[in-house]
Every structure is written in C-alpha cells, then in structure tokens.
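Asker: Chain by chain, the residues:
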Amino acid sequence: MHEAGIAAEILEIARAQAVAHGKARVAEVTVRVGDMSGVVAEALEFAFEALRDGPASGAALVMKRIAVLAKCETCGTESRPGADLVLWCESCGRPLKVLEGEELTVESVVLEGAEE
Amino acid sequence: MSERVAVETPVLKKNDEYAAGNREWFASLGIAVINIMSAPGAGKTTLLEKTLPMLAGRYSCAVIEGDLQTDLDAERIRRVGVRAHQINTTCCHLDARMVQGAAATFLESPPEVLFIENIGNLVCPASYDLGESVKVTLFSVVEGADKPKKYPKMFRMSDCVVLNKTDLLPYSGVELDELLSNVRDVSPEAAVFTVSARTGEGLAEWVEWLAARVEKVRGR
Chain A
0 MHEAGIAAEI
10 LEIARAQAVA
20 HGKARVAEVT
30 VRVGDMSGVV
40 AEALEFAFEA
50 LRDGPASGAA
60 LVMKRIAVLA
70 KCETCGTESR
80 PGADLVLWCE
90 SCGRPLKVLE
100 GEELTVESVV
110 LEGAEE
Chain B
0 MSERVAVETP
10 VLKKNDEYAA
20 GNREWFASLG
30 IAVINIMSAP
40 GAGKTTLLEK
50 TLPMLAGRYS
60 CAVIEGDLQT
70 DLDAERIRRV
80 GVRAHQINTT
90 CCHLDARMVQ
100 GAAATFLESP
110 PEVLFIENIG
120 NLVCPASYDL
130 GESVKVTLFS
140 VVEGADKPKK
150 YPKMFRMSDC
160 VVLNKTDLLP
170 YSGVELDELL
180 SNVRDVSPEA
190 AVFTVSARTG
200 EGLAEWVEWL
210 AARVEKVRGR
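Protein sequences, first through last, are from chains A and B.
With numbering that gives the first Met the number 0 applied, the first sequence covers 0 to 115.
With numbering that gives the first Met the number 0 applied, the second sequence covers 0 to 219.
For the record, the hints were derived by calculation from the structure and aren't laboratory data.
Where hints are given, some of them may not hold.
What the hints assert, rightly or not - Below, simulated DSSO-like cross-link-like pairs (lysine-lysine); rule was C-alpha separation at most 30 Å, straight line:
(1) Lys215/B - Lys96/A
(2) Lys63/A - Lys13/B
(3) Lys146/B - Lys70/A
(4) Lys148/B - Lys96/A
(5) Lys49/B - Lys215/B
(6) Lys149/B - Lys12/B
(7) Lys96/A - Lys70/A
To be verified - The following label-pair restraints were derived from C-beta to C-beta distances:
(8) Pro109/B - Glu48/A: 26 to 36 Å
(9) Lys13/B - Arg64/A: 15 to 25 Å
(10) Gly75/A - Arg78/B: 47 to 57 Å
(11) Phe45/A - Asn87/B: 19 to 29 Å
(12) Glu99/A - Lys215/B: 27 to 37 Å
(13) Leu98/A - Lys215/B: 39 to 49 Å
To be verified - Reference excerpt, derived from the structure (chain B facing chain A, CB under 10 Å, subset only):
(14) Glu2
(15) Glu7
(16) Lys12
All residues carry an ideal CB built from backbone N, CA and C; glycine is no exception.
The task is simple: from the sequences and hints, build the whole structure.
Answerer: And the structure:
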C-alpha cells in the first residue's frame, strides 16, 4: 500500500508550514480525501501515527472524506454516483465528468508555539 | 497560542512537479510514453513481448521495468531485441522521479516509444502521474467481473483498458459481458480491447490503436 508514502508527504508539507510560519509545533493537519482517491483511511491513520516526528511528533490527523460528485457536460445534470459508480448520465446517456471525490489535498494545519 | 493556516496543497505535489518536468522533457525529445498498469500476473510482460515485435520496423522502442525484486522482466524484454532498464524498488508503485532516472539511461539514443511496465498493483500506481502520454490498464479476465467497480480509479483514469487472457474465459466462470459493462460504467471514455496475449487473439486491434496514439503524441 502507498499510504506510508502519502503520510510522509503530508508530514513534510505540514513541517514546511511550521518552518515558514516560525512555529515550533504542528498540532493538527486537515486533509481532504476523496472517496475515489485510492487511499484507505485506516492505513493512512496508522502510517501517519508511525511516521510523526520532529515538530509534527504530536500532530493529529483530521480526514475529511469527499463523496464523488459528477456532472454531465452535455445536459448539466449533477449527480452523486453511489457505490456502484455508474459514471454515465441518467438523463442523456453521456459520460459524466467527476468534479469531486478524486482529491487528496492538505487543506490546513494548526500550528502552535513560537520557534525556539 | 495556536493558529490555523490554510494550505491547499495536493499531497502528491512533489511527484506531480516531477511528472510535469518529465512530460516536457519527453515532448522535447519526441518520445511517446506508455504507462502499463495492472495487478501482478495480469500479463504485462507477455503483452509487451507480443506487442514490441509488432511495432518493430515502425518505431524504436525501449522499456522501463518496475518490480520489487529481480530483473527477470527486463531479461524477457531484451530477448525480443528491445532495450530494457529494470527498476527494483520496495515501493508499491513507480513515481515520476524513478522514471526520470530510468529514462535517462536511454538518452544516448532516445527511443520513439518508451513503455513503462509499472509495479504489479491495481491500486497505488493509479495515484502517481509519471509524465506519460498514455495510460493503459491491463486486466486479466480471470481476476473477476466485479473488480473494475471495486478498484475504479485505475480503470477510470486510463485511456485504454486491455482485457487479457480471453483464452481462459471458458474455465473462469466470468461473464465477459458483465466485465465489459463494469469497465464501461467506471471508465466511459476508455478504448477497450479484449485480447489473449498468449494466443495473439485481438492483439492487432490493440497495436493499431496504440500506433495511432503514438502518431498523435508525436504530432504526425
């Protein structure tokens, strides 16, 4: 699984924010995880906890799951495909474009303490 | 005192930057890059062993092989007369930086078509842009008709889905129509081919599609 690599990237982005803002610690990292991002939440949590170190050694990981939102570019209908993931427009039978649900993004960090 | 800071950075930004660099580099050299992804044992190397001789004479080819251990696959490619570079990594996927290093080994005489045989894994490779021109998901029919729904990402992002091992259909209990319909549901716009790399059935159509894509990428 690639969640260890993902966790390492998240921690690096968070630590860089602490340095850039002159803060000692990262208290929290909020990440948007799309349902179609291919990331397993439990595996990411485990890897994040195992890899936390330095200014991020006490950081909490907050995951916001993002459901799949798709839009038909022909008729403009927006829909939330269920678990069966049929990515065709029910109204006009054209392929749907996925607007949300594929993202894997560090949304924000909570930083604390002045740099020592 | 704590402070919340908005970041809005894609987690794989670093890889994406390498991939963008690769894409520019490959374009400047006129190399069409084909990333082939699948679960282990779906037949990536066999597909390449059959595809490469069909492209010989039309394009100079090279192959980057990704595996956890051994250079068995690179050896198989060399046996059909094509240059191959083996990457061994403990990662479950290839990333854009590894591909950059491997591609550089061919630069004395850059190929026209560079195939990347990704690490066998139906999940992780889908997250890593390599700077390729064409993404292909290879899937052996014996893996089951439900898998495109269970592992949608790789199918969805591929330009082409090749369904392999059709010669095993009679023994598999898998209904080809059901599998095709599930592929279509999650990946409406991919080109889909059914082949048996072992018997050669269906390979001509796949190779013609591939050659047309190569021409398009190389701007002819």
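Asker: Hint by hint, say whether it matches the structure.
Answerer: Structure-based check of each hint:
no.: 1; hint: Lys215/B - Lys96/A; in the structure: 23 Å, holds
no.: 2; hint: Lys63/A - Lys13/B; in the structure: 22 Å, holds
no.: 3; hint: Lys146/B - Lys70/A; in the structure: 24 Å, holds
no.: 4; hint: Lys148/B - Lys96/A; in the structure: 17 Å, holds
no.: 5; hint: Lys49/B - Lys215/B; in the structure: 22 Å, holds
no.: 6; hint: Lys149/B - Lys12/B; in the structure: 26 Å, holds
no.: 7; hint: Lys96/A - Lys70/A; in the structure: 5 Å, holds
no.: 8; hint: Pro109/B - Glu48/A: 26 to 36 Å; in the structure: 45 Å, violated
no.: 9; hint: Lys13/B - Arg64/A: 15 to 25 Å; in the structure: 24 Å, holds
no.: 10; hint: Gly75/A - Arg78/B: 47 to 57 Å; in the structure: 54 Å, holds
no.: 11; hint: Phe45/A - Asn87/B: 19 to 29 Å; in the structure: 26 Å, holds
no.: 12; hint: Glu99/A - Lys215/B: 27 to 37 Å; in the structure: 30 Å, holds
no.: 13; hint: Leu98/A - Lys215/B: 39 to 49 Å; in the structure: 27 Å, violated
no.: 14; hint: Glu2; in the structure: 5 Å, holds
no.: 15; hint: Glu7; in the structure: 6 Å, holds
no.: 16; hint: Lys12; in the structure: 8 Å, holds
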